[in-house]
Amino acid sequence: MTVSKAFWKIVLKNIGTIITYTIILIVFGSLNMSSDSTTQFEADKPSIVIFNHDEERGITKGFIKYLSENAEIKDEYEDDDKLKDALFYENVVAVVDIPKDFSQELALNKNPELKLRSSSGYAAEVAKVLVRQYMSTAKSYASLNLSEDDLAKKVESTLSDSTEIEIKSKVDTSKYSRATRYFSFANYSILACVITVICLIMSSFNRVEIRKRNLVGSIELKRMNGILLRNSCLYSAMMWIVYVVLGFIVVGLNEMWSIHGLLYAVNSLIFCVCATTIAYLISSIVKGIGAVNGIMNVIALGSSFLCGAFVPAEYLPDSVLTFAHILPSFYFIDTNNKIMAIEDYGSSSLLPIFINMAVIVGFCIVFIIASNIITHKKERLA
Amino acid sequence: MFWHSFKYAFKTLIKNRALVFWTLAFPFILAILFNLAFSRLHDYDVFEAFDVAVIDDAEYKKAEIFSEAFKSLSEGDERLFNTQYIDKDEAEKKLDADEIVGYVYVEGGDAKVKIRQNGTNQTILALAVEQISQGVKIVNDVAMTQIARSAGQKVDVEKIYRDAVATVTDAEPNIKDDSRVMNIVSIEFYTLIAMACMQGAMMSAELMNRCLPNISNRGKRVAIAPTRKGVIVLSNLLAGYVMLVFSVCALIAFMRFVLGVEFGDNMGLIMLLAAVGSLTATMMGMFLSIVLKTNESAKNVIILIVTMAGCLFAGMFGVTKGFFDNVAPVVNKISPVGQITDGYYALFYYDDMARFTTDIVSLLIVAGVFLALSIRGLRRQRYDSI
Chain U
1 MTVSKAFWKI VLKNIGTIIT YTIILIVFGS LNMSSDSTTQ FEADKPSIVI FNHDEERGIT
61 KGFIKYLSEN AEIKDEYEDD DKLKDALFYE NVVAVVDIPK DFSQELALNK NPELKLRSSS
121 GYAAEVAKVL VRQYMSTAKS YASLNLSEDD LAKKVESTLS DSTEIEIKSK VDTSKYSRAT
181 RYFSFANYSI LACVITVICL IMSSFNRVEI RKRNLVGSIE LKRMNGILLR NSCLYSAMMW
241 IVYVVLGFIV VGLNEMWSIH GLLYAVNSLI FCVCATTIAY LISSIVKGIG AVNGIMNVIA
301 LGSSFLCGAF VPAEYLPDSV LTFAHILPSF YFIDTNNKIM AIEDYGSSSL LPIFINMAVI
361 VGFCIVFIIA SNIITHKKER LA
Chain W
1 MFWHSFKYAF KTLIKNRALV FWTLAFPFIL AILFNLAFSR LHDYDVFEAF DVAVIDDAEY
61 KKAEIFSEAF KSLSEGDERL FNTQYIDKDE AEKKLDADEI VGYVYVEGGD AKVKIRQNGT
121 NQTILALAVE QISQGVKIVN DVAMTQIARS AGQKVDVEKI YRDAVATVTD AEPNIKDDSR
181 VMNIVSIEFY TLIAMACMQG AMMSAELMNR CLPNISNRGK RVAIAPTRKG VIVLSNLLAG
241 YVMLVFSVCA LIAFMRFVLG VEFGDNMGLI MLLAAVGSLT ATMMGMFLSI VLKTNESAKN
301 VIILIVTMAG CLFAGMFGVT KGFFDNVAPV VNKISPVGQI TDGYYALFYY DDMARFTTDI
361 VSLLIVAGVF LALSIRGLRR QRYDSI
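Residue numbers (the working numbering), protein chains in the order written: chain U, 1 to 382; chain W, 1 to 386.
Treat the hints with care, as some may be off.
Said to hold, decoys possible - Computed footprint of chain U on chain W; a stretch qualifies when at least three of its residues, placed anywhere within it, have a C-beta under 8 Å from a C-beta of chain U: (1) 10-22; (2) 49-63; (3) 115-125; (4) 161-173.
In case anyone wonders, no lab produced these hints; they're calculated from the structure. Note that the Cβ used here is the ideal one computed from N, Cα and C, for glycine as well.
Could you build the full structure based on these sequences and the hints that come with them?
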C-alpha cells in the first residue's frame, strides 16, 4: 500500500506533463484530420489568381470560364506582398497574367505571351497543366483561322470531353482516415506520457538513498518490484482508456463504435504495453532524473518523425522507412494504416494486422528481457 | 572582475548537462529529424514513374493515335508511367493487390480509366488520359475541317491527318514562367533556428537566477559581495549570449552545409539575424527571470510555453505561419520567434530588404523593452528578510 501510495503521489506530481501531452494530442491530432471520399473520383482544385488586362470576350472569356470551372479563383489579393506570401504558403498556387489583346492575337494564330507565377507542389503542377492544356488546345485550333468566338467555342467543346473514371473500391476506406491520423499521432503522446511518468517514478525509487532505505524496509524487493510493475501497468491502462475515450470524442462515435474502432483500440493497448516496457528499459539504463526528459523527447519525437506519426509514411523516404522497421512505432502506425484500408473482416485482411501486433508484442518481450539483464547486472555490481 | 565572472559563468553553463542538451544538442537532433521526415516533401520536383496497366485488346489497338501517344509517355528516362500491357482479368487482380495505380482501356472508341482510390498518381493518370483523348479529338477536328475545306478536290487523307498530328504536337503555347519557387518546408527549419535562439532565454534565466537573492544562495552571496551587481549580471549575460550565438551559428552552418537548407547567399545577414534573435532571447530570459516571483522550474516551464507557443504561431507544427498571419497578424509581429522566422523568410524570398530590416528593428526594439524593464526591476532591490 505504501509503495502504491508513493507511486500515485509521483503520478499526481506529474499531472501537468500528462495534461500537456494530452492537449498536444487533441490539438494537433484534430488539426491534421480531414477526410476525403474515395467512392467518387475527385481531382483536386487548385487556387488561382487571374489578372486580366484584356477585354472579357472570345478566348479570354473562355479561358477565364475554363479556369473558374476547374480551379478555385481567388480575387482578394490586390497587394503584391500578400500575393507573394499566399504563393509561398500555397494559399494560392498560380497567378495568371492575361495580356492586352490576348484573344485577338490568339485568333490570328499569333502566339501572345501569357505570364504565369506558381508555387511549388502538386496543386501548382495541376494548375500549370490546366493553363497549358487550354493554351495548347487554343493554339492547335488557331491554325484553322476561326473567329474569336468560334475558336473559344471549339476549345470549350473539346475540353468539356472528360475521361470516364471508374473507382473499383466500393467501401469508403478513407472514412477511417481521421481515426488513423488520431491514433498515429497518439504514438507521440503515449510514448511521452508513459515514458516520462514511469521513468520518473522508477528513477525516484532507484535513487541510492531511497533504494537503501527500501532494502532495509519490511517489504521484500521482489514484492516491491511487483507492486511497481502492477501500478505501472495500471497507469498505462488508464492512459489508454483516456486516449480511447478522447478518440470517441475527437474522431466521432460512428467511426469508433465499429470493428475498425475496436481494432484501433486493441492496437493502441498493445502499444501502451510496449511503451511501458520501453520505460522500464530506459529506467534500468538511466541513472538520474534529469536525463529522463531528454531521452524521452529523443525517443518520442524520433520515432514519431521516422515512422510516420507526424508526416504520413507515404511521404517518407524509403531509406527512413527501412530504418524505421527496427522501431515498434513503425508497426503501430503501419497497423493503423492497415486497419483503415481493410474492406472486409476476412482472414486475408486481418492477418497482416495481427502479424504487426505480434511484432509489437515481440518488441515488448525483448525490452523486458533486456531490462531484466541490465537490472541483474547492476544488482550484482552493487 | 568582469572577465573573471564571465569565465566562471561560462564554465558553469558548459557543466550544466541538461542545459547543454536543450540548447545545443536538441535543435541539432530536431534538424536531423526534420530533414529525414521532410526530405521527400523537399524534393517536390523529383517525379518517379509509377505502375499502370493497359488492356491490350482489339479496341485499344484500333485507337492508334491514343495508343501511340500513351506509349510515348511510357518510354525514356522522363516517362510518367511504367506500363504493362495485359488482359482485363490480370489488370483487375493487379489493381486489387495494389500492384498498379490503375488501368486504361478503350470502350466504344473512348479511353477510360479504372482506379481503386483517389490520390496524386491516380489524378496524374486521369489527367494524362484526358489530355491524350482531347488531343485525339483536336487531331480529328483539324483533319475533318481541312477535308471539308478541300471538298471537290483530290485529298490525301493520310497526309491531312499527319499534318493535323504535327499541328497539335507543335502547338507550343507562349507561357512565361515567372515563378520563384521556394520550398514551404524551409519555414520549419527557420522556426527551428528561432526556437534555438529562444532556448537562450532559458540560459539567461538560469544565469539570472544565480544572481537573484530571492531565488538562490549564490544570489544572496552576490547581493552582499562588494563587486558591483551590474558587472556580475552583465558578465553572466554575456557568457550566455556568446554560448548561444555560437550554438545558433553552428546550427545554421549545419543546416546550410550538411542538410542543404536554403537561406539565400548573404551569410553575413543570416548571422546578423541569429545574433539579434539571440540577443532578444537573452533579454527575454533576463526579464522573465526578474519579474516572475516563482521557483526555477516554474520559470523554465513558462519560458518553454512562451517559446513553443511562438513556434506554433510561426509554423513549426504543420499549421502554416501564413494561416496565423491571416487570422492573428499581430502575434507574429510581436513574438520574437515569429520575427526571427519572418526575417529568414524575407531574406530568401523577398528581393528588397525592407521586410528583413523591419524584422531586425522590431527584434531590437523588443530586446530594448525587455532590457529597460529588467533594469527597472533590478534597481534598488532591498530585502528586509529572504
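Quick rundown of the hints versus the structure:
1. Restraint check on the segment 10-22 of chain W versus chain U: 4 residues with Cβ-Cβ distances below 8 Å, three needed, restraint holds.
2. With a cut-off of 8 Å between beta carbons, the segment 49-63 of chain W has 0 residues touching chain U; three or more are needed, and the interface restraint is violated.
3. A stretch counts as covered by a chain when three or more of its residues have a beta carbon under 8 Å from one of that chain; for the segment 115-125 of chain W and chain U the count is 7, and the coverage holds.
4. Interface restraint, the segment 161-173 of chain W with chain U: holds (5 residues with C-beta to C-beta distance below 8 Å; minimum three).
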